[in-house]
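Please work from the sequences and hints to get the whole structure.
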Amino acid sequence: MRLIRPPTVRGRVLGYLVTLAAAAVAVAGMADYALERAGIDRKINSDLALRTQAFFALASDNDPATDEPWASAEELMRAAISQVIVSATESAVGHVDGIPRFVPGGETHLRLEDDPAFMETARITASADVVVRSARSDLREYRYVSVPLVDEEGMVLATFTIATDRSALIADLNRTFRAFAVAGIGALLIVGAIGWISVGRLLRPIRLLDQTTREISETDLTQRIPIIGDDDLARLSETVNAMLDRLEEAFAAQRRLLDDAGHELRTPLAVMRTSLELLEPRDEKQVAETQAVLLDEVAMMSRLVDDLVVLAQADRPEFVRPKPVSLGEFTDSAFARAQTLGDRDWSLEARGEGTFCGDAQRLTQAWMQLVSNAVKFSPPDSSVGLGSSMRDGKVRLWVRDTGKGIPKKHQARVLERFHRVDESVDGAGLGLPIVAAIAHAHGGLLELKSTPGTGSLFTILIPLKASRS
Amino acid sequence: MTRVLLVEDEERLVASLKDGLRTAQIEVVDTRTGREGLALARSQDFDLMILDIGLPDQEGFTVLRKLRASGSDLPVLILTARTSAEDTVRGLKSGADDYMPKPFSFDELLARIRLRSRKPLTEDPTTTVIEVGHCVLDPLNRTLEVDGEPVSLSNREFQLAHLLMSQAGRVVTRAEALEHVWGSAARANVLDVYIRYLRSRMGTHAIKTVRGEGYLFVG
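Residue numbers (our numbering), protein chains in the order written: chain C, 1 to 469; chain A, 1001 to 1219.
Among the hints, a few may not be true.
To be verified - Below, a list of computed lysine-lysine pairs in the DSBU-like style, where the Cα atoms sit at most 35 angstroms apart:
(1) C:376 with C:394
(2) C:285 with A:1208
(3) C:323 with C:449
(4) C:404 with A:1018
(5) C:449 with C:376
(6) C:409 with A:1093
(7) C:465 with C:323
(8) C:408 with A:1066
(9) C:409 with A:1018
(10) A:1066 with C:409
(11) A:1093 with A:1119
(12) C:376 with C:285
(13) C:323 with C:285
(14) C:449 with C:394
(15) C:323 with C:376
(16) C:394 with C:404
(17) C:408 with C:465
(18) C:323 with C:394
(19) C:285 with A:1018
(20) C:376 with A:1018
(21) A:1208 with A:1018
(22) C:465 with C:376
(23) A:1093 with A:1208
What the hints assert, rightly or not - So the derived label-pair ranges between C-beta atoms look like this:
(24) C:413 with A:1084: 18 to 26 angstroms
(25) A:1073 with C:252: 35 to 43 angstroms
(26) C:361 with A:1073: 54 to 62 angstroms
(27) C:213 with A:1073: 29 to 37 angstroms
(28) A:1186 with C:281: 41 to 49 angstroms
(29) A:1071 with C:254: 42 to 50 angstroms
(30) C:303 with A:1069: 35 to 43 angstroms
(31) A:1066 with C:211: 48 to 56 angstroms
(32) A:1193 with C:318: 16 to 24 angstroms
(33) C:328 with A:1033: 48 to 56 angstroms
Note that these hints are calculated values from the structure, not bench results. Note that CB positions come from ideal geometry on N, CA and C, so glycine has one too.
Written out as structure tokens, the structure reads:
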């Protein structure tokens, strides 16, 4: 027993659908995340640059309080730090004589004074060029600009540092994207649910097809699949229905053939049984007559069985084995054989030239069947003509007799199995059906023209591009 | 004598059936087509009709329906090569009294003819058991016992024995025997063969030759 059921089409389609949607959400999310992060860094940099510019502007100007040059580095730093607008992620520190002297006041903002390690790093890394640097302490990750204030001899009097808490900004971003991820998963669940329903609805014809074909193979061949809609699944159902039509037809044909065969064999069997039961063993003449009757019936049944076997084979692909046949030579040999079948005024009406694809043995069988019919239904020494031609993309093989012809009412039925025009003439009525089956197996047909009292013309027509229909 | 109308198109079957039924004291009128069969059934008096389904001009079912439509209650036994239950039911529904699929046993056909035919068996003188001397002949079961031992006979041998025993004590002429058993005088030499065979079975003296007249069964 299989514990894992093979995946259904519905499950697979849904799998693809959800995977694709998940990939789309993930790619969009990651791209957006990268862009947002780059944006944060850009904004930090430009902010820091702007603040530094403001400090420079303040430093190069007079003390706005006194309108005199700055009294001391300490005064300048005090003014600079008090000018800084702080926020939750931005703050500044002013070092004087290497000691962090000034930080902005207030409670809610970033408190650099809590992180002496960073303040020290910032002071040490101060440089005259405006460079945005990174620093990571135990508490957070910073982006900062640190600039020194130097006297004429180049001694560092003080350093001004403006810093941003990048880790807090990134944490904000991460929070946003966690929310995005939750929303994305929710969306995927919705896509999955809607997908499951709509794929199921889409595949309903397939389930129906599966169910119906199963029922059909279990019960009978008369059921058909209901056609839903007008899409390719509906066409598939139509195709399956057409296949079922052909199957049912083939089975019916098989049954009919068996039925007919049984029917045709029972009558000679009845004759044989009755003859044997009524045999008079002491009456030599009657014994001889019965023997003749029985042998005759046996011969008839043997012929019938042979013909039935040929007809039963006719539906199989190996019934004809087409090979290139030279029509001229084929006609000559057929004509030679025909002449051995009876004393008639034989004539070769036409001899086609060229090569076509066909089964020479089966075609000879068919043609000779037509010839023997012609002999059977025409008086001795009457004229019988054979001919062949190749034109209009068709090969024609014909037999023309000047016999009694076929009455109009029989012409349509003469190709039916076991149909006999004249019950007194030997034969089971399988000759012409066999000829027709051979022509059919070549993709062609058997044509009949007959005028009662004048004679008949039977033509086997084979398309040059032979294909089984 | 029971009179049967046989409507069947298979020549050879008709020939052997006619022959066989004749030896069983059944007179057979035969025809090949349904149309003729119907006409005969309407115009003449028969005890039974044996009707084939696959007739050349029309189906036996059609003949049967027309026959019943014309008010005839002639017993009809259908003979057919179609054996499906469907066909059997169709035959019986259209008014057939019995149904025999081909190939059938002749003895069974005979039994069914006797069962279905209009003429009651008790009124038929040809069915009473005859006992002459040490020979017992039962026409109904077609058996002959000599001194209590069954003797196997062909149809014609039995018919000849029946004729001679039913006329026991009276001379049966050769012409009479030939006409009765073979329906023709042409088989004179066969009669001799049959008499010889019956004597070898029933005893040399059971059948006496009366010169210039015929045979006399004495038992």
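Could you tell me which of the numbered hints above are not met by this structure, giving the numbers in increasing order? 13, 23, 27, 28 and 32
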